[in-house]
Amino acid sequence: MDESIDSYFDVVVCGTGPAESILAGALARAGKKVLHIDKHELYGTPFTTVDVHGMCALVDSNGGGREGMENGINECSLPSTIRRGRWTIHAEDRLGAQRRYNLDRMIPFSYCDGGLVNTLLKGGVGNYLEFQLISSLHLYSGDAFETVPSSKSDVFQTKTISMLEKRKLMKFMHACMGDEGSDEVGAEGGFVPQKNIEKVSTEEEQRYSDEPFLSFLSFFKLTEKLQRIVMFAICFATSEAEASQMKTKEGLRRLRRYFASMGKYGNSSFLWPLYGAGEVAQAFCRLCAVFGGTYVLRRSIKEVVMEEDDGKKRVKSIIDSNGQSIEVKAVVAGPEYLSPPVQEKGALLRWTGILDSPVVNTDGHTVALIFPPGSTGDGRGKGQTIRGLQMDKASVAAVEGTYVLHLEAYADHFGEANSVDEYFQPVISRLLRVGDSEEKEGKPSVLASFSFCQPVYDTQPVQVERGLFFLHSFGADLTFEPYLASAEEVFHSICGGEVEFLEKVLR
1 MDESIDSYFD VVVCGTGPAE SILAGALARA GKKVLHIDKH ELYGTPFTTV
51 DVHGMCALVD SNGGGREGME NGINECSLPS TIRRGRWTIH AEDRLGAQRR
101 YNLDRMIPFS YCDGGLVNTL LKGGVGNYLE FQLISSLHLY SGDAFETVPS
151 SKSDVFQTKT ISMLEKRKLM KFMHACMGDE GSDEVGAEGG FVPQKNIEKV
201 STEEEQRYSD EPFLSFLSFF KLTEKLQRIV MFAICFATSE AEASQMKTKE
251 GLRRLRRYFA SMGKYGNSSF LWPLYGAGEV AQAFCRLCAV FGGTYVLRRS
301 IKEVVMEEDD GKKRVKSIID SNGQSIEVKA VVAGPEYLSP PVQEKGALLR
351 WTGILDSPVV NTDGHTVALI FPPGSTGDGR GKGQTIRGLQ MDKASVAAVE
401 GTYVLHLEAY ADHFGEANSV DEYFQPVISR LLRVGDSEEK EGKPSVLASF
451 SFCQPVYDTQ PVQVERGLFF LHSFGADLTF EPYLASAEEV FHSICGGEVE
501 FLEKVLR
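Quick note on numbering: the UniProt record's numbering labels position 259 of the sequence shown as 259, and the sequence is numbered without any gaps.
Among these hints, one or two may not hold up.
Straight-line Cα separation of at most 25 angstroms, DMTMM-like style, residue types lysine to aspartate or glutamate; simulated pairs [what the hints assert, rightly or not]:
no., residue 1, residue 2
1, Lys225, Glu303
2, Lys166, Glu224
3, Lys345, Glu204
4, Lys443, Asp356
5, Lys313, Glu303
6, Lys171, Asp143
7, Lys249, Glu165
8, Lys345, Asp356
9, Lys247, Glu303
10, Lys168, Glu130
DEER-style ranges, computed between Cβ atoms [claimed, not checked]:
no., residue 1, residue 2, range
11, Glu204, Glu92, 53 to 63 angstroms
12, Ile5, Lys225, 19 to 29 angstroms
13, Gln463, Ala97, 28 to 38 angstroms
14, Phe156, Asn361, 35 to 45 angstroms
15, Asp356, Ser493, 44 to 54 angstroms
16, Lys504, Met163, 43 to 53 angstroms
No lab work stands behind these hints: they were computed from the structure. Since the model is a prediction, treat every value here as computed from it, not as a measurement. Think of the CB as a built atom: it goes at the ideal place given N, C-alpha and C, for glycine as much as any other residue.
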């Protein structure tokens, strides 16, 4: 039912993705009158979490192919940024309760000591969320998975690297952490600074700062195998090109964040939100609503009305998709709502499968998988890293007896492969059984699969006109950190630098 809303708001935020929702919550907390709208019927775009029927509809929203069953979802209300979508139900009778799955459109991690988690705790938003440790990280190498060390004990217990490599890796870790290592009591597996380890000097760091990080790793005499672990499993380089071009200052920033997070909540550096990544956006939406924010789904902007102010244009009002005129001081949107001053720079490719058994057998409920460039040995992907996430029932992603496997990769453009399935085929063919192939008995069977790609925009937060802002919204980011940074930057542009971003809750 179409309803009119108030005729004045301080800020209108369009879209309920993580950056938009974090910003809306912070603005409402700071006393702004916020209207938060989304043209879809689901919160979280592009981080929507849906069940099996919802994922079918999501994939179909841009004319994707389908095999297996109909869904009855209103596809017009779902995101139109999905491209080359395809879904197949291979064994519907084995899926169980299809509405109990929580399938994610995107799979960003959260550092245990990252900006998002610290902001959730500081601002009291963590009360709306529940997280689970990503219990282990596995690197695919030589047709097998190797467990990436996630604590000091793991380094010495692993059998995948030699004793000499273990010593070099530990020396490198302590040297890079310096005084930033964890000395907190009870920080299981944290890296405590050691007096007998020579730290990276300020001069050395400055000398290598703008040099390739690989040169810095060579300076510490890390073997090629250790360099590959650091670049792709710890610093999360998305491609061979990024690995070779990454500067030392950026590599150290990523590495220190990884080690600082290690041991904070357990033997891991990463957390995953129960019920899916979409819960993060919804938590900040709840915060906004608590502080008086107004929410309207299936509503968009038809026009932004500008006026002259001291020789410059500024936002005066908007006309929404219902034709209602609303006076506003600021409008914030991503590329789905207003034409941004940027172009698409690539694509995020996604494949999700529901399996009858795990790809990696561990005691953990949620595990991360990394396929470095060339690790599947077929030469496809043009040197791109494929990242995966495996979850079971305890992760609230699957039902009893099933597992959810997510795969994703960043491509420079949509033409990287004729189809998304083709792009991930080297991984799928090595690890999974699709259909009734007898030669792959013993491998996990795919009960259902979904694949699609979506555009990636080079959208840094920017003020186009007075009161008109664009947020970092559709990225290929591996964590939530860029979305938080974008929201904070726009927040200070609207409220001023003296207003605290999500001020600390007094308990």
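Subject >> Broken hints, by number >> reply: Hints 1, 3, 6, 8, 9, 10, 12, 13, 14 are the ones this structure does not satisfy, whereas the remaining hints hold.
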